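Novice: Please arrange chain Z on chain E, whose structure you already have, making use of the hints.
Chain order of the listed sequences is E and Z. Quick note on the working numbering: the first sequence kicks off at 145 and runs consecutively. Quick note on the working numbering: the second sequence kicks off at 6 and runs consecutively.
None of these hints come from the bench; they were simulated from the model. Any given hint could turn out to be false.
Unchecked claim - Straight-line distance between alpha carbons at most 35 Å, and here's what the computed DSBU-like set of lysine-lysine pairs gives:
no.	chain 1	residue 1	chain 2	residue 2
1	Z	Lys-78	E	Lys-455
2	E	Lys-455	E	Lys-306
3	Z	Lys-126	E	Lys-432
4	Z	Lys-78	Z	Lys-10
5	Z	Lys-10	E	Lys-452
6	E	Lys-306	E	Lys-449
7	Z	Lys-7	E	Lys-455
8	E	Lys-188	E	Lys-302
9	Z	Lys-62	E	Lys-455
10	E	Lys-394	Z	Lys-62
11	Z	Lys-65	Z	Lys-126
12	E	Lys-452	Z	Lys-25
Stated by the list, open to error - From chain Z, some residues computed to sit far from chain E (all C-beta separations above 12 Å):
no.	residue
13	Met-6
14	Gly-15
15	Asp-34
16	Tyr-42
Every value quoted in this text rests on a predicted model; they were computed, and no experiment measured them. Virtual Cβ for every residue (Gly too), placed ideally from N, Cα, C.
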Amino acid sequence: MAERYNFGAGAGGVNVETTVLGADEIILNMGPQHPSTHGVLRVKLRLDGEKVVGSECVIGYLHRGVEKIAEHRSYQQFAPYVDRMDYVAAVSNGLGYCETVEKLLGAEAPPRARVIRTILTELQRIASHLFWLGTHALDIGALTPLFYCLREREEILKIFEKYCGARLTTHAFRIGGLQYEAYDELEKDTERFCKDFDRRVDEYESLLTENRIWVGRTKGIGVLTADAAIAMGVTGPVLRASGVQWDIRKSMPYAAYDQYEFSIPTGKNGDTYDRYLVRLEEMRQSRKICLQAIENIPAGPILGKVGKVLKPPPGEVYHSIEAPKGELGYYIVSDGTTQPYRVRIRPPSLINLEALDQMIRGHLVADVVAVIGTLDIVLGEVDR
Amino acid sequence: MKRYKARFGGAVVEALLDRKQAILVIAADRLLEIARYSRDEEHFDLLVDLTAVDWPKREKRFDLVLNLYSFSKNERVRLKALVAENEPVPSVESVWPTANWLEREVYDMFGIVFEGHSNLKRLLLPEEWQGHPLRKDYDILQQDEAWVRENLGIESGQ
Numbered sequence: 145m146a147e148r149y150n151f152g153a154g155a156g157g158v159n160v161e162t163t164v165l166g167a168d169e170i171i172l173n174m175g176p177q178h179p180s181t182h183g184v185l186r187v188k189l190r191l192d193g194e195k196v197v198g199s200e201c202v203i204g205y206l207h208r209g210v211e212k213i214a215e216h217r218s219y220q221q222f223a224p225y226v227d228r229m230d231y232v233a234a235v236s237n238g239l240g241y242c243e244t245v246e247k248l249l250g251a252e253a254p255p256r257a258r259v260i261r262t263i264l265t266e267l268q269r270i271a272s273h274l275f276w277l278g279t280h281a282l283d284i285g286a287l288t289p290l291f292y293c294l295r296e297r298e299e300i301l302k303i304f305e306k307y308c309g310a311r312l313t314t315h316a317f318r319i320g321g322l323q324y325e326a327y328d329e330l331e332k333d334t335e336r337f338c339k340d341f342d343r344r345v346d347e348y349e350s351l352l353t354e355n356r357i358w359v360g361r362t363k364g365i366g367v368l369t370a371d372a373a374i375a376m377g378v379t380g381p382v383l384r385a386s387g388v389q390w391d392i393r394k395s396m397p398y399a400a401y402d403q404y405e406f407s408i409p410t411g412k413n414g415d416t417y418d419r420y421l422v423r424l425e426e427m428r429q430s431r432k433i434c435l436q437a438i439e440n441i442p443a444g445p446i447l448g449k450v451g452k453v454l455k456p457p458p459g460e461v462y463h464s465i466e467a468p469k470g471e472l473g474y475y476i477v478s479d480g481t482t483q484p485y486r487v488r489i490r491p492p493s494l495i496n497l498e499a500l501d502q503m504i505r506g507h508l509v510a511d512v513v514a515v516i517g518t519l520d521i522v523l524g525e526v527d528r
Numbered sequence: 006m007k008r009y010k011a012r013f014g015g016a017v018v019e020a021l022l023d024r025k026q027a028i029l030v031i032a033a034d035r036l037l038e039i040a041r042y043s044r045d046e047e048h049f050d051l052l053v054d055l056t057a058v059d060w061p062k063r064e065k066r067f068d069l070v071l072n073l074y075s076f077s078k079n080e081r082v083r084l085k086a087l088v089a090e091n092e093p094v095p096s097v098e099s100v101w102p103t104a105n106w107l108e109r110e111v112y113d114m115f116g117i118v119f120e121g122h123s124n125l126k127r128l129l130l131p132e133e134w135q136g137h138p139l140r141k142d143y144d145i146l147q148q149d150e151a152w153v154r155e156n157l158g159i160e161s162g163q
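For reference, chain E alone in the conformation it holds in the complex (with noise of 0.2 Å):
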């Protein structure tokens, strides 16, 4: 297959004529084998010396067809394959899916499983943003955060295998409520992890929040206005990161969250040492939604009465959740079968991936791995 190095022009392409030093520019291919692309991602920059003047992503690596594969399942089997697009961060995505097919149903899970959806969602938010920090940091050259990240998301995991009996690819959920009901130290096992974990936050802040070769790397890099991030549709931390305090949990509550009280962290400059700091603050409010929702677990069933052969009368429902890296959206038409016509998922990770180019034109090669990690893209859910 012959190489192309074609930019094009406008959003995606390059603008920057004249070079710096009067020298040629070179095209650097990164990835998709390098570790720091979290997955398969292949990046194709144009460096004048080591700065960045334009980029363009090539992704597809991992593309499964999940959409396709969606339209020759029913609607239960389909359930366990969307674990498999954010696999840092399946619940979440279960939690979507079955949310949606209940919408268009117009079925809701009962009490007692909404509950218990928020309280595992929330962990999984935690999870998700521990092994981001990790990684993150990782990618910078501190190492140290991955072990304590990796400490305290077993812990979860650890959780997870003792309700679902699987740690990465939960299928937590059942379209209606949930399958299994909650084991009995599911509590005390959410409130001894809730307890330490406050401390330990701490603990990652005195590594990095006033390091200054942290701070070095991070402030004032990837710089993304609360406009350009609403013209390129990023969504979640990033979005949040940029000013703009705008949290689905709170704007268009779903599962349980109308009930508990926790704040929407916000940054200022939008560059990546704000997404971190919002990604902080946002795993000690996941940890107070988990201890306000441990407090009254309602008593009743799990499942709701949505029967064994589900077909959604004709029509179609968008539906979206506030998962760890964003605006995870299911967009689903029932032609009236057991199988639906069409389901598209709205990836947060694709989206805001979108705007790498712009993050990191003008930066050197090295800040592009910072911006990465920044994004915290997963490439199965980009690829889907």
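Specialist: Chain Z alone, transformed into the frame defined by chain E:
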């Protein structure tokens, strides 16, 4: 919705609610105009998603679907344009830059061509790939066997 009808008249073919979600079916040739109006006057600043649905038996086989969100109103709306095969659609990249990749994905998966797009090429599949996988007449086991043989050096199904 009424404001859209008053402003664009016949270009808004249908306005309906499905499971309490607002849907506007619009004429594809006025998509750009309606998109700009949605952003500037109705404050739908965020293009959440742009995708398509294939209905091969219909005269105009594709639904081009835009999901919009307004921060100030905390509202969502769905614009739907009916598009025939080989009918070019105006690109909304100039209104919401994020449409760049989303339109590339729709072009890749459905073969809908966007006029005025700055860099319309496939997003996920290789550029030389033949066919558009999310069309209903593209079988789930189908693939571009010539491409697979040539580039991966394996027979299909291996």
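Novice: Give a verdict on every hint.
Specialist: Hint check results:
no.: 1; hint: Z:Lys-78 to E:Lys-455; verdict: 34 Å, holds
no.: 2; hint: E:Lys-455 to E:Lys-306; verdict: 32 Å, holds
no.: 3; hint: Z:Lys-126 to E:Lys-432; verdict: 45 Å, violated
no.: 4; hint: Z:Lys-78 to Z:Lys-10; verdict: 19 Å, holds
no.: 5; hint: Z:Lys-10 to E:Lys-452; verdict: 42 Å, violated
no.: 6; hint: E:Lys-306 to E:Lys-449; verdict: 26 Å, holds
no.: 7; hint: Z:Lys-7 to E:Lys-455; verdict: 33 Å, holds
no.: 8; hint: E:Lys-188 to E:Lys-302; verdict: 39 Å, violated
no.: 9; hint: Z:Lys-62 to E:Lys-455; verdict: 22 Å, holds
no.: 10; hint: E:Lys-394 to Z:Lys-62; verdict: 41 Å, violated
no.: 11; hint: Z:Lys-65 to Z:Lys-126; verdict: 23 Å, holds
no.: 12; hint: E:Lys-452 to Z:Lys-25; verdict: 26 Å, holds
no.: 13; hint: Met-6; verdict: 17 Å, holds
no.: 14; hint: Gly-15; verdict: 24 Å, holds
no.: 15; hint: Asp-34; verdict: 22 Å, holds
no.: 16; hint: Tyr-42; verdict: 17 Å, holds
Checked against the numbered hints above, the structure breaks hints 3, 5, 8, 10 and satisfies the rest.
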